[in-house]
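Undergrad: Given next are the chains, with one letter for each unit.
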Amino acid sequence: MAETKEIRQHKSVVTYGLRFFVIAYLFVLVVWPLSEVVKRTFAPVEPDAAGGFGAFLERLQDPSVTYAFGLTVTCAFWAVLINTVFGVGISLLLVRYDFPGKRVLSVLVDLPMSVSPVVVGLALVLAYSTGSGWFGSALESVGIFVIGSTPGLIMATAFVSLPLVIREIIPVLEEIGTDAEMAASSLGANAWQSFRRITLPSIKWAVAYGVVLSLARSLGEFGAVKIVSPGAEFRGETATLLIQNRYGNYDESTAYAAAFVLVLAAVLALVVVTFIRRPEERS
Amino acid sequence: MSIDITGINKKYGDFVALEDINVSLPTGQLTALLGPSGGGKSTLLRIIAGLDTADSGTINIEGADATRLPPQKRNVGFVFQHYAVFKHMTVAKNVAFGLEIRKRPKAEVAAKVDELLKLVHLSQFAHRLPSQLSGGQRQRLALARALAVEPTVLLLDEPFGALDAKVRKELRDWLRRLHDEVNVTTVFVTHDQEEALEVADEIVVINEGRVEQIGTPDQLYDEPANDFVMSFLGEVTTLNGQLIRPHDVEIAAMPQHGDAVQAVVSRSLRVGFEARVQVLTDNGEEVTVVLTRSHARHLGLEAGQNVWVRAAEGALTVPSLRAV
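Respectively, the protein sequence lines represent chains A and B.
Following the working numbering, the numbering of the first sequence begins with 1 at its first residue and continues without gaps.
Following the working numbering, the numbering of the second sequence begins with 1 at its first residue and continues without gaps.
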């Protein structure tokens, strides 16, 4: 790819103008607001109280905060796991097979990207709640409660981050083609062996990239979770819900601390993604 | 017979890719499926390998019905035009793949890989990745990988199609020698008649989904079944409504034979050691004549000159069925 990239050698007023515009834009929209979060995180709550890193850690050790982060990590973990398995499956289906309704499926897969997460949450409640959803009642009769419990949160999170893995894998699958897989099968490999030894190693960086993106998205999910979760302390309050609740309840310092952790996780994800992109671009 | 193909039909929608194909390929031979692009020869090869399925008809490999067998059960080696090497594995791992799938003991796999890499002259590259090899080397790797599982038949789909002319020629000679060494029944697809004539024991000419002729290179060249085979196997020109090879046309400055046709030289061109002369006969036929440079110089051929042309004694001619 590197040889197709062309950078203008000549630097004119336009170049500097564009640079200024981009930097100003990013500063106003991203850098400045985020820096405020960081600043508040480490600022003392009251003039005579202790600030800094110690106070920050103390706020995070509050049981309700650790519960919230625990729940967020649990939801993100399962959502990413489910999306990875189904993502690889759906991608293979969409790229390698022809079937009626393929285009519809392809559009459906993208739907979570364009639909507001709040709508996703609402839809899940309608379908699975024990009151209105017929399916929810059926599940309830066998002792499974979806809405208002962890499975519901996982579903909401998985729904919202569904396309991320798939959209990473599909172009790679299309590019590698079927020759190597067919060669493997002519050499005696069955479908599973060919997938595990040939297809999977070829798409592993795309999968990893998709996983990191989904993880980042899942950790920060708010809208869908907000509708599905009871949202009370120790009862379905995820990290993002905690931030909103505390911010509205005059415990802003805890809200800032939790927000800072989420920002940190996002930055970490971006760093990981950059390192994953590198070996991929080299090959 | 190693491979028996009976009554194979294959359609893609309305397009007839193969129509009632019946071919028997004897054990140990090197056979070429020759024909123009889109003529169905690659489809036939893939059906033999099980990578594609026929609409009707049967495939027998070494006496066993393979029509319904999946590719991994057919014990065929397949070599693709674009190599299809496993990019994430070293050269040695690529060759070992089929043996590892078959769960052979490690020592046996190592020995076999060693032997095959020696055979294809890639021993010193065993630990490299395919991306560090040239096109010709990658294709030799693909061949070694296919041979590792000791297939009953080796199928090659335009194996040299993606290589440049010089490497093509080298690999072609090498394939012939390799075949004489390992003696596995081999079928390769090509659209290059020179490749087929030079390498194959037997050639199956396929065009528009049908077999036009089956025979040895000599048979095909000397006794083409029809005008298609004649024109596909070498250059042809038309003289008196007959297809004829340009080097079989005699040209003379004086009418020495009764059957010679008078013509006017319209163009004379020198290509390397030969001269190519275009003449326009009195019947309005544009005839190409190929002769040696010295002969051309002897005749002193120039545009506008009057000449007489005729088919040489014993020249092969086939009635031209097409409007020229």
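Please note: incorrect hints may appear among the correct ones.
[Claimed, not checked] Which residues of chain B face chain A? A partial, calculated answer using Cβ under 7 Å: (1) A49; (2) L51; (3) F78; (4) F80; (5) A84; (6) H88; (7) I101; (8) P105; (9) K106; (10) V149; (11) Y221; (12) F273.
[As the list claims (entries may be wrong)] Restricting the straight-line Cα-Cα distance to at most 30 Å, the calculated cross-link-like pairs of lysine-lysine (DSS-like) are: (13) B:K118 to B:K87; (14) B:K103 to B:K118; (15) B:K93 to B:K118; (16) B:K11 to B:K93; (17) B:K87 to B:K73; (18) A:K39 to A:K204; (19) B:K93 to B:K73; (20) A:K204 to B:K103; (21) B:K166 to B:K106; (22) B:K166 to A:K204; (23) B:K73 to B:K106; (24) B:K73 to B:K103; (25) B:K93 to B:K106; (26) B:K166 to B:K103; (27) B:K106 to A:K204; (28) A:K102 to B:K11; (29) A:K204 to B:K11; (30) A:K204 to B:K73.
[As the list claims (entries may be wrong)] A short list of chain A residues far from chain B (calculated; beta carbon distances all over 12 Å): (31) V45; (32) I82; (33) R167; (34) P171; (35) Q193; (36) F222; (37) E252; (38) R277.
Simulated from the structure, these hints should not be mistaken for lab results.
Don't be surprised by glycine CBs; every beta carbon is placed ideally from N, CA and C.
Undergrad: Give a verdict on every hint.
TA: Checked hints:
1. A least Cβ separation of about 6 Å between B:A49 and chain A falls short of the 7 Å threshold, and the interface hint therefore holds.
2. The beta carbon of B:L51 is positioned within 7 Å of a beta carbon in chain A (closest approach about 5 Å), and the interface hint is therefore held.
3. Hint status for B:F78: holds, given a least beta-carbon distance of 4 Å to chain A, under 7 Å.
4. With a least beta-carbon distance of about 5 Å to chain A, the hint placing B:F80 at the interface is held under the 7 Å criterion.
5. The interface hint given for B:A84 holds, since its Cβ lies 4 Å from the closest Cβ of chain A, which is under the 7 Å cut-off.
6. Hint status for B:H88: holds, given a least beta-carbon distance of 4 Å to chain A, under 7 Å.
7. Below 7 Å, beta-carbon pairs count as interface contacts, and B:I101 has one with chain A at about 5 Å; its hint therefore holds.
8. Checking B:P105 against chain A: minimum C-beta separation of about 16 Å lies over 7 Å; hint violated.
9. Nearest Cβ of chain A to the Cβ of B:K106: about 17 Å, over the 7 Å cut. The hint is violated.
10. Interface hint status for B:V149: upheld, as the beta-carbon distance to the closest one in chain A is roughly 6 Å, under 7 Å.
11. Taking 7 Å as the C-beta cut-off, the interface hint given for B:Y221 is violated, the closest approach to chain A being about 33 Å.
12. Checking B:F273 against chain A by beta carbon gives a least distance of about 41 Å; that is not within 7 Å, so the hint is violated.
13. Taking the CA atoms of B:K118 and B:K87, the gap is near 21 Å; set against the 30 Å cutoff, the hint holds.
14. This hinted pair checks out: B:K103 and B:K118 have alpha carbons roughly 23 Å apart, not beyond 30 Å.
15. Straight-line distance between C-alpha atoms of B:K93 and B:K118 comes to about 15 Å, which keeps the hinted pair within the 30 Å bound.
16. Of the supplied pair hints, the one linking B:K11 and B:K93 is violated, its CA atoms being roughly 38 Å apart against a limit of 30 Å.
17. Our distance criterion of 30 Å between C-alpha atoms is met by B:K87 and B:K73, whose separation comes to about 24 Å.
18. Restraint check for A:K39 and A:K204: not satisfied, since their Cα atoms lie roughly 39 Å apart, outside the 30 Å limit.
19. For a cut-off of 30 Å, the pair hint linking B:K93 to B:K73 stands: about 21 Å separates their Cα positions.
20. For the hint linking A:K204 to B:K103, the alpha-carbon distance of about 25 Å falls within 30 Å, and the restraint holds.
21. Pair hint B:K166 plus B:K106 does not hold up; C-alpha atoms about 38 Å apart against a cutoff of 30 Å.
22. Taken as a hint, the B:K166 and A:K204 pair is broken in the structure, with Cα atoms around 37 Å apart against an allowance of 30 Å.
23. Restraint check for B:K73 and B:K106: satisfied, since their Cα atoms lie roughly 22 Å apart, inside the 30 Å limit.
24. Of the supplied pair hints, the one linking B:K73 and B:K103 holds, its CA atoms being roughly 15 Å apart against a limit of 30 Å.
25. For the hint linking B:K93 to B:K106, the alpha-carbon distance of about 12 Å falls within 30 Å, and the restraint holds.
26. Taking the CA atoms of B:K166 and B:K103, the gap is about 39 Å. The hint is violated against a cut of 30 Å.
27. For the given pair, B:K106 sits about 27 Å from A:K204 by alpha-carbon distance, which is consistent with the 30 Å threshold.
28. Annotation: proposed proximity of A:K102 to B:K11 holds, straight-line Cα distance about 23 Å (limit 30 Å).
29. For the proposed pair A:K204 and B:K11, the alpha carbon gap of about 37 Å is over 30 Å, so the pair is violated.
30. Annotation: proposed proximity of A:K204 to B:K73 holds, straight-line Cα distance about 28 Å (limit 30 Å).
31. For A:V45, the condition that its CB be more than 12 Å from all CB atoms of chain B holds, with the nearest at approximately 54 Å.
32. The non-interface label for A:I82 is consistent with chain B: the shortest C-beta to C-beta separation is roughly 27 Å, beyond 12 Å.
33. The Cβ of A:R167 lies farther than 12 Å from every Cβ of chain B, with a closest approach of about 23 Å, so its non-interface assignment holds.
34. The Cβ of A:P171 lies farther than 12 Å from every Cβ of chain B, with a closest approach of about 17 Å, so its non-interface assignment holds.
35. The claim that A:Q193 is not at the interface with chain B is violated, since a C-beta of that chain comes within 12 Å of its own (minimum 6 Å).
36. Distance check on A:F222: its Cβ is at least 39 Å (rounded) from any Cβ of chain B, clearing the 12 Å threshold; non-interface status holds.
37. Non-interface call for A:E252 relative to chain B: holds, since the shortest CB-CB distance, roughly 51 Å, exceeds 12 Å.
38. Residue placement check: A:R277 keeps its beta carbon more than 12 Å from all beta carbons of chain B (closest about 18 Å).
Violation of the numbered hints given earlier is confined to hints 8, 9, 11, 12, 16, 18, 21, 22, 26, 29 and 35; the remaining hints are satisfied by the structure.
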